[in-house]
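Given chain U, put chain R in place with the hints provided.
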Amino acid sequence: MSESEQIGAVPARTPPFWRTRGSSPAGVVFLALAGVILIGWVLVAARGGQFLSLENLVGVQQRSAALGIVAIGQTLAILAGSLDLSVAYLISLSSLVAAETMAGRDGNIVIAVAAVAGISAAVGLVNGLVITKLRVHPFIATFGVALIIKGVLDHLYDGPAGKVPESFQHLGYDRLGPLPVSAILWAAVAVAAWFLLRRTTLGHRIYAVGGDQEVARLSGVRTDRVLIVTHVLCSLCAGIAGLLLASRLGAGAPTVGTDGGYDLESIAAVVLGGTALAGGRGGVGGTVGGVLLLATLDSVFNQMEVNSFFKDVVRGVVIVTAVAIYARRKHGRRA
Amino acid sequence: MRRTLPIFGVLAVLLVAIAVVNPFFLEPAGFLGFVKRAAPLVILAAGQYFVIVSGEFDLSVGSLVTVEVVVAARLIDGDESLTWPVLGLLLVLGLLVGLVNGAVTTLLRVPSFITTLGMMLILSGAVFLWTGGAPRGALSQGFRAFGRGSLGPIPWSVLILLAVGVAAVLLMRADFGRTLVATGDNERAAALSGVRVDRARILAFVLSGLAAAVAGILLGGFAGVSAQVGQGLEFQAITAVVLGGVVLGGGRGSVVAAMAGALTLEALFTLLNLYGISGALEFTVQGVIIIAAVAAGALRLPFRLRAST
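Chains U and R, in that order, are what the protein sequence lines are.
Counting along the first sequence from 1, when you hit position 95 you're at 146 in my numbering, and nothing is skipped either side.
Counting along the second sequence from 1, when you hit position 43 you're at 47 in my numbering, and nothing is skipped either side.
Note that these hints are calculated values from the structure, not bench results.
Using N, Cα and C, we set each Cβ at its ideal position, and we do this for glycine too.
Heads up, a few of these hints could be off.
Claimed, not checked - Cβ-to-Cβ under 7 angstroms is the rule here; a few derived chain R residues that face chain U:
(1) Ala-107
(2) Val-114
(3) Pro-115
(4) Phe-117
(5) Gly-122
(6) Ile-126
(7) Gly-129
(8) Leu-133
(9) Val-246
(10) Thr-288
(11) Gln-290
(12) Gly-291
(13) Ile-294
(14) Val-298
(15) Ala-299
To be verified - Here are the computed distance ranges between Cβ atoms for each label pair:
(16) Asp-310/U - Val-292/R: 22 to 32 angstroms
(17) Arg-250/U - Asp-202/R: 39 to 49 angstroms
(18) Leu-285/R - Lys-184/U: 18 to 28 angstroms
Just chain U, same shape as in the assembly:
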């Protein structure tokens, strides 16, 4: 069914996606980022340190790469009006699958990457199918899948397992000039997601489904299929993050995903980037800004040697304040 035949069925209250795309408050998050960098620079300089040193910038990029990649996937899920709470456990699972399959041998890297891709795609498929075909709320569906993975992980592993060959560790630690390889990987994932959302039909459909699922369906979008593909992509991002973390650790670890808090943290980064939790509005650019903002805050705190509990307090305040500001800018509509 072509979309043009059905276009008359679209009620006027949903703005067309080409208009909603432009209005994301991604600019605000970069302004905030600039502000944090400035404040951090002043604070650190006042203590005689150097905030904008190469070492520190590389540190920020490296810290943010794993979270950044997960958050890109989470952006897709949230834009489609869903969300994914299973990413943290999937990251742990991927790191273990990668390290166990590689078992320290260079020859196994390709198989290991394929295995991780296969498993994460399968988890995404299950998430998507449970949400669309069984009509379970995404919160419960992905939380249930998270519990399932957690149970399997706890049952099979007590601690780190497997071994990553040295050649694969280049992914986590090497640099090309000033740029860490992990940051380049993150940038590649972000550009791919940006291209998907802005230049492909699937991307437009993700916005349409997130904006109003019923309207999208009436306009001839196969909403179930879009949601399933989105969840597969989101899980693949988590799988990539798992590979990256395995290469950093040199092994797989059953708690690497949950220790990093990648589930809630990635959602926080997406929302910090101005993407509406209700779906349909926002984009990848804001998410990149949100992740960088969280990483820069972290870096400032580290340099100031701030208590880690105080960090949590500030992070909580920053997230809520940022979203309150976005809400003020688009008042009238509630998420």
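Same frame as chain U, but now just chain R:
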């Protein structure tokens, strides 16, 4: 109302299954022990129900429970005479946290998922900033009595649970309950017909905060002081409410069913233990059952709609 019936069936089946494996469960002491263990989660589920039925989430209750226990231990520090003042303070703390959650969500228009996620970070960060990283001090015997003591044969926590349950049912039967459900069902329609939507939601968050305070008091006595006492409770409470057939997004479901959902979840944990399913795989079984239960509820819905229209 029909939507709430399945959960009672599931609960009955689980209780029978437990009794078959463990006949002690049929004796008053055995059953009361089970209810006592379940009481904190059931109370949390009642609080979470108010928030969910109004169309919001409260992710902060788990860390609020931890905060309540840690604050109580630090302030009381074994001093019996401080028991009652601190109990009052804990309730006020729960109320204040709920008030802030509600005000930020409604007045500043921050989605509750984010508000309460931020509150979760702030609470757990602040309390350990205050105590220096680990819980300190000790609870008094008088404080611990609520979680572990009993009045004659009946544990205090069961009595408190009954009181909370009755209060919750009465609240939902009063005007407040109707306005809350109307708010969750269709905010705009409710506002246009004169419901003070924001006030109803703020009250729901306050009730959830109070429930977390009560649950924290019970857990402090029952399980003792630790930094992990409230960990994961927010997800368990939400799961319990959804198991009870309450719809995420608001407007549908009863508080009794939500509390039955929490009892069901607790019965499920008990049963898995009895059948010797190892602690780890328990999570897997739990995940499958939660998805299956919610899916069963969701799949039945379209037929209902067709029958009723």
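ask   = Would the hint on Gln-290/R stand, with a C-beta cut-off of 7 angstroms toward chain U?
value = At 5 angstroms from the nearest chain U Cβ, Gln-290/R passes the 7 angstroms test, so the hint holds.
inquiry  = Checking hints one by one. Is Thr-288/R an interface residue toward chain U, by the C-beta closer than 7 angstroms rule?
reply    = holds, 3 angstroms
request  = May I ask you to test the hint 39 to 49 angstroms on the CB atoms belonging to Arg-250/U and Asp-202/R?
outcome  = 42 angstroms Cβ-Cβ, so the 39 to 49 angstroms window holds.
Proposed interface contact between Pro-115/R and chain U, which counts if any beta carbon pair is under 7 angstroms = holds, 4 angstroms
key: Supplied distance hint 18 to 28 angstroms, evaluated on CB atoms of Leu-285/R and Lys-184/U   = holds, 25 angstroms
message = Let's test the interface hint: is any C-beta of chain U closer than 7 angstroms to that of Ala-299/R?
response = holds, 4 angstroms
request  = With a cut-off of 7 angstroms on the beta carbons, see whether Val-114/R makes it to chain U.
outcome  = Status holds, d = 5 angstroms.
message = Restraint: Gly-122/R near chain U, CB-CB cut 7 angstroms. Satisfied or not?
response = holds, 4 angstroms
Chain U contact restraint on Val-298/R - CB to CB distance below 7 angstroms = OK, holds: Val-298/R within 7 angstroms of chain U, min 5 angstroms.
inquiry  = Hint validation: Gly-291/R versus chain U, beta carbon distance must be below 7 angstroms. Holds or violated?
reply    = holds, 3 angstroms
inquiry  = Can you verify the interface hint for Phe-117/R: is its Cβ closer than 7 angstroms to any Cβ in chain U?
reply    = It holds, given that the least Cβ distance between Phe-117/R and chain U is near 6 angstroms, below 7 angstroms.
Hint check, Ala-107/R versus chain U [nearest Cβ-Cβ separation less than 7 angstroms] = violated, 11 angstroms
Hint compliance for this structure: hint 1 is the single one not met.
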